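Chain B: place on chain A using the hints.
There are 2 protein chains.
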Amino acid sequence: MTRYIYAFDEASEGGRELLGGKGIGLAEMTQLGVPVPAGFTITTDACRAYMRDGGFPAGLDEEIADQIARLEEKAGKRFGDPEDPLLVSVRSGAAVSMPGMMDSILNVGLNDVSVGGLARSTGNEGFARDCYRRLIQMFGETVDGVSHDRFSPDDTVEHAREVYVAETGRDFPQDAREQLRRAIVAVFESWNSPRAQVYRRTYEIPDDMGTAVNVVQMVFGNKGDTSATGVCFTRNPSTGEQGVYGEYLVNAQGEDVVAGIRTPQPVEEMAKRLPDAYEQLLETMARLEHHYRDMQDIEFTVEEGHLYLLQTRSAKRTAAAALKAAVDMTAEGLISREEAISRIDPGQLDQLLHPMLDPKADFEVAARGLNASPGAASGKIVLDADTAVERGKGGESVILVRWETTPDDIHGLIQSKGVLTAHGGMTSHAAVVARGMGKPCVAGCEGLEIDVATKEVTLGGHTLHEGDVITIDGGTGRVIIGEVRLVPPAINEDFETVLGWADDVRRLKVRANADNGVDSAKAREFGAQGIGLCRTEHMFFGDRLPVVQEMILASDEPGRREALERLLPFQQSDFEEIFEAMAGLPVTIRLLDPPLHEFLPPLEEATDERMRNRIKALTESNPMLGTRGCRLGIQWPEIYEMQVRAIARAAKAVQKRTGTEPLVEIMHPLVGFAEELHRLRTLTEQVMAEEAPEIEYTCGTMIELPRAALRAGEIAEYADFFSFGTNDLTQTALGMSRDDAEGKFLTFYLEDGVIEHNPFETLDQDGVGELMRIAVERGRAAKETIKLGICGEHGGDPKSVEFCHGLGLDYVSCSPYRVPVARLAAAQAVLKEAHRAEYVAAGG
Amino acid sequence: MTRYIYAFDEASEGGRELLGGKGIGLAEMTQLGVPVPAGFTITTDACRAYMRDGGFPAGLDEEIADQIARLEEKAGKRFGDPEDPLLVSVRSGAAVSMPGMMDSILNVGLNDVSVGGLARSTGNEGFARDCYRRLIQMFGETVDGVSHDRFSPDDTVEHAREVYVAETGRDFPQDAREQLRRAIVAVFESWNSPRAQVYRRTYEIPDDMGTAVNVVQMVFGNKGDTSATGVCFTRNPSTGEQGVYGEYLVNAQGEDVVAGIRTPQPVEEMAKRLPDAYEQLLETMARLEHHYRDMQDIEFTVEEGHLYLLQTRSAKRTAAAALKAAVDMTAEGLISREEAISRIDPGQLDQLLHPMLDPKADFEVAARGLNASPGAASGKIVLDADTAVERGKGGESVILVRWETTPDDIHGLIQSKGVLTAHGGMTSHAAVVARGMGKPCVAGCEGLEIDVATKEVTLGGHTLHEGDVITIDGGTGRVIIGEVRLVPPAINEDFETVLGWADDVRRLKVRANADNGVDSAKAREFGAQGIGLCRTEHMFFGDRLPVVQEMILASDEPGRREALERLLPFQQSDFEEIFEAMAGLPVTIRLLDPPLHEFLPPLEEATDERMRNRIKALTESNPMLGTRGCRLGIQWPEIYEMQVRAIARAAKAVQKRTGTEPLVEIMHPLVGFAEELHRLRTLTEQVMAEEAPEIEYTCGTMIELPRAALRAGEIAEYADFFSFGTNDLTQTALGMSRDDAEGKFLTFYLEDGVIEHNPFETLDQDGVGELMRIAVERGRAAKETIKLGICGEHGGDPKSVEFCHGLGLDYVSCSPYRVPVARLAAAQAVLKEAHRAEYVAAGG
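Chains as they are written, first to last, in our numbering: chain A, 1 to 844; chain B, 1 to 844.
So that you can see chain A by itself, here it is in the shape it has in the complex:
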């Protein structure tokens, strides 16, 4: 028969999954000799059986009775004794810490009679009545669902009982064993509370894990001035600095510290008031940290001078603290470098790379949009790019506020601290450019209206004017009126140290997506080992746009060639800057990708009939699936020819000037058929041979169409490398335009649980990942030496980086600001893989 209970001092095979986090902590502490009250844990098996059958499994009641008898023997008190009752707390404890579940009921076992016995045996009637009042209130709230606001800490026992009776229609249960049983049931059932379900869905915790229940002999922090209760960290959870960091309250019980009714004292104060207990606390914390080899977050109670630990767990911490603690603990010899790497959440690193809203700042959110580019900024509203430049160059902090931005706004974006748009999604121009620049962007802000004529902005119903100050938080999509205090970015030595360790461990190379010399230099600073995606279309805007438009409007090939001839020197100098910034590292240049109509104004802004006709002819129903990528290069080879020529000349010039030969990789987008790449490779080879026969280069393609993934074997014949364009591959494989999905049905899908992750943020491994797997297999089978990378946004997402590692790619490429995240995630992927291999080797 299954055993459903283990006492803290009994060895169990089950570990965290069976006993829950709290239970395993209490058992381990007990077995370490740390002072812990006696008690036992009802396993998650019991909870699962309860959920399955709708009642206690056979034998559980008997096991509880046995364990209570064991507790009674240890304590020398009886449960339900009217004179000197044994009291217990009942606490939930799942394997994973989980808000939304019932937490604790204290003082279980008291009733109308034994409250008098407790008063007599402790000589403290106030204490006894306080305990009973707390029991009635907690029991009422958590077991019977009485609303929290019906009770008050100032209630008397009598008043609490009246409320209980009025709300539940029953008397408060007087039988200690009935109290205990109902409390255990309440913990089991809280596993399925709506809040707990939502939390599980968000954090992907399986629904069938269940929770354990801990029954712990009560110790009392509310027995007067030599009693206390508190919470404490072994290091500062904000900074990672060594030394205890916590708070306590004298003469208080359990939840009082966190409930915020009384103001707690810094834990160091205990040194004066409870010196023995404090010394024991410090000694115990040191032992626990040493045992767990990680920063701990503990709960303790001092009962009449005696210290008891009630909980220990790994402490939540800021990114800065996590890095500092990891580096320090490695120096202290507590953990290895590999463990230090594993302990940092790569997603958290963003906090260190961008200014953030001060977590202590107080503010009201006026409107919300999409969290399109992380970081926070405050500044004066400007409504057009020219004003942004004027004011920005004048030293003012400005936020560019637009319906949406276009490439024509680029000079304004450069001078702004951040950008806020009413329209557009995660792939809108503003979002993409801001992410590349590392500036905050809130896009598609619903509560934002802009009247350019009157220079008025309405934000969540408030009217503002150009020059008024707002604050945007691109990490969460919040927009606030006025200035909010910011926390500056904090790349420090610890950051560099841990990432250096990660670099030693990882197999995947990390490159960056960058389109100019400045971004390339920034990427290199962040540790990028090359450019994985240089989009050449961004070079077609600004002062080049009129020439680009001439090219598009030309009626024949000679006309196009003439305009392209004038564009060439621009492209060449762009490439030269990038090659110089990345000297010694590879640079993958993608030839023109977007449909040509993106370079023309909207129809209503056409300046003449020819332009109007051309815009009409180029307009597409589904531009994502239209004449773009290599389809341009095949239909109008002179465009790609000019681009390859510019690359060749730039490489030659840089080599001559610097003596270092650029590592050139020429990439053709949107290939679906091997014949497309065949033709474009021939064109590339011809032009390179003509212009710069001495420059070595490779030629490859994006894999961003399902067909390309399936036919990778044939395509590999003409490719030196593949770069998975997982943005477009996601759009095509899922039939989902990102701009039309996010904020619309995709958001509904995520909220309603149809799918778990946003596939544009975290790679859809089952669908898109399957196509990648097929492409890797077929590509490598056809050409063993083919180089494989990814340059979609997923290249900077830790989960996706791990997947790419498992797939055996050679590199990931992401925006410069995600490079550190990818470096760390790539190292963690290696460590996880080794861990799994060990587990398997050990017969797991």
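Take these hints with a grain of salt, some might be off.
No copy is singled out in the list; a pair is fine if it fits within one copy or between any two copies.
[Claimed, not checked] Computed list of lysine-lysine pairs in BS3-like fashion (alpha-carbon distance at most 25 Å, straight line): (1) Lys832 / Lys799; (2) Lys616 / Lys744; (3) Lys316 / Lys360; (4) Lys455 / Lys616; (5) Lys74 / Lys744; (6) Lys783 / Lys272; (7) Lys272 / Lys616; (8) Lys316 / Lys799; (9) Lys787 / Lys832.
It should be emphasised that the hints constitute simulated quantities derived from the structure, not laboratory data.
None of the values given here were measured: they were computed from a predicted structure.
Just chain B now, kept in the frame of chain A:
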């Protein structure tokens, strides 16, 4: 050593691939005892060797010399003899008949001296000089590339030689063996002529097949009144009727019959003028047809009363002739039913189902568009649907001419003979609706401009007015000003007979795509075994549109439900009609698929602010990849709920009224995740159980996204059937919007040979087909009993039908007018498969 030549009377192992079509025919005829001039065939091996090495392979010259010696011996004449020369013709003959290659050079072996000998030995100087003149001209044109128009049939020998010298800068070669060798080289080289290359690409003939060369002793149809030359069919190639059908010319040689310089006589006339030869011709033709068991197309020459066959080949024929001949030959016991089925080109059947332009009619094409729906029609131009109805109901034939049509034009389409649009592609509204109705449509006509205000139409530069007559040919995309004589559709007994045989053979079921009772009845008439795709969105237009718009504009669910409540009876009655028309056969109803904005007017036609806002909110960048299909049903379940309710009630009503229970299949579109179908299946089951628990039905999904194909195993858990939506699957797998590809880069790709087939017409087997294969495997592995079909347009394309057969699908579904095509193609697929199996069993 490879042998490169076989004489006609020598057995060869190589067959058609080695000897070419003409060569194998001559050899077989020789071996049958049919009168054929002596000669030999230089194999395709020799041609391939020539192409590879750029010269004759070793031994070929010696083999030619041997064979010429053999010919000389048989003829009792010497090649190059000045007195009584042996003359030969040199003729190309690839395995597949192929225009664009050199055809023949006659009279090889004559020179300035032997022309006199020939005159003397035949006693006919005119004939001898005629032969020499022909040789010089043909040699000049085909070997030396002299322009055709430099020569004339009226030239003298002397003038022809002067032209030859002037054009080539050389004297005409006098050595018979040199003439022969250069003629052979010219045949080899004509294999790579640009025209031949284009032809091979179009008809997918491998470039490395090469051509054979036939060297045939000359027989002369130009030796006076007892000589003649002609071409003849064993049955009428237009109607298939029995009896010889051909033409001949007295005293003429070779190309004169087809060159059209003299008017040939019907071959029956020979009965009077050359009775012996004629009788022998009839007898020979009967033998050949019997031998080849197929209608033959022959060339013959009569030399001084003696008949010679120069060529025999399978005759090209119209669809009607093909059917009649097949049925007759089966009745005659000449071929089996299976052979009869195999001989009909399914693509040709279209000719019989629609009126066509009379092939003999003379007309000028004013403009061209896309061949969006087959058939031809003449009628008066009308520029709006109301006028079409008014005039159409009044009995006039009208063609609706529009920029593009919308569902609001549907009543006008019904009353028109055909539709012509300036905009839109193969999937435009006009195209889809016209195909469904079996009416001709030319879409996206570039040379068409419409001025609605003045009621003027410009067509290829000509100005026309409403009421002027035009003719459109939807099978080719041609538009003609004025009326053109049409050939009526010809579904006759032969058609029914052959399709009946096909039905006995095929394994695939054939269903139709139809959205209403009339089309369903038409489909059934054409032999559809069910409806594979009933699109419900077409039922949302017309007088229902205002209610649909109310539904979309409603601000909350109750508002939507109220409008849906009013739509329900309409949907129900639509379904009742279809169920009745298809009694006893399955009907697959697809729930609403298109994005909601398709039901709203363009922004500029919005009638109020609410509508304007809603249109804005619903507008999508890439509607193909937006909120459509099951994404609608999941976000607004009340829409699908209403549709399922209407299906349930219609099924119940029809069962009650007719006593036959409809076979209902409910299909959810655009599923990408199993969880989507899980939810929609639950909804479907709930509503069906509520409304019509007694009605049996199945519930399934389209597979039209790459992700759905890859995850077919999981999706199958909730699906009774899959229907491959290969239109959308092609668009997503290839990243190609049909509307943006056809007439644009896709047309360029096809013309430029980047890809071979239009993937929207013929399934892209390597890409889309691969996804289907994966889905079939995974779907069947998860659920053995799952029913599999296809409802994309490929369901009516013969090549794609064959692929679906090979994949093991259960059915194909196509537009009603393609049902006969699919029935035949499905039967042919079975026969081809059996043929391959036999071939493999025989060790092939």
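Taking the hints in turn, this is what the structure says about them:
1. Taking the shortest Cα distances, Lys832 and Lys799 sit within 25 Å of each other inside one copy (12 Å), while across copies they are farther apart (49 Å).
2. Within a single copy, Lys616 and Lys744 get their C-alpha atoms only as close as 28 Å, which misses the 25 Å cut-off; across copies the closest is 13 Å, which meets it.
3. Proximity of Lys316 to Lys360 under the C-alpha cut-off of 25 Å is restricted to the intra-copy arrangement: shortest distance 17 Å within a copy versus 87 Å between copies.
4. Taking the shortest Cα distances, Lys455 and Lys616 sit within 25 Å of each other only across copies (23 Å), while inside one copy they are farther apart (32 Å).
5. Neither within a single protomer nor between protomers do Lys74 and Lys744 lie at most 25 Å apart by alpha-carbon distance, with minima of 61 Å and 87 Å respectively.
6. Taking the closest pair of Cα atoms, Lys783 and Lys272 never come within 25 Å of each other, the shortest separation being 73 Å inside a single copy and 73 Å across copies.
7. When the C-alpha separation of Lys272 and Lys616 is checked against a cutoff of 25 Å, the pair qualifies neither within a copy, at 82 Å, nor between copies, at 68 Å.
8. For the homomeric pair Lys316 and Lys799, the shortest alpha-carbon distance inside one copy (20 Å) is at most 25 Å, but the shortest distance between copies (62 Å) is not.
9. For the homomeric pair Lys787 and Lys832, the shortest alpha-carbon distance inside one copy (24 Å) is at most 25 Å, but the shortest distance between copies (42 Å) is not.
Taken one by one, the earlier hints fail for this structure at numbers 5, 6, 7, listed in ascending order.
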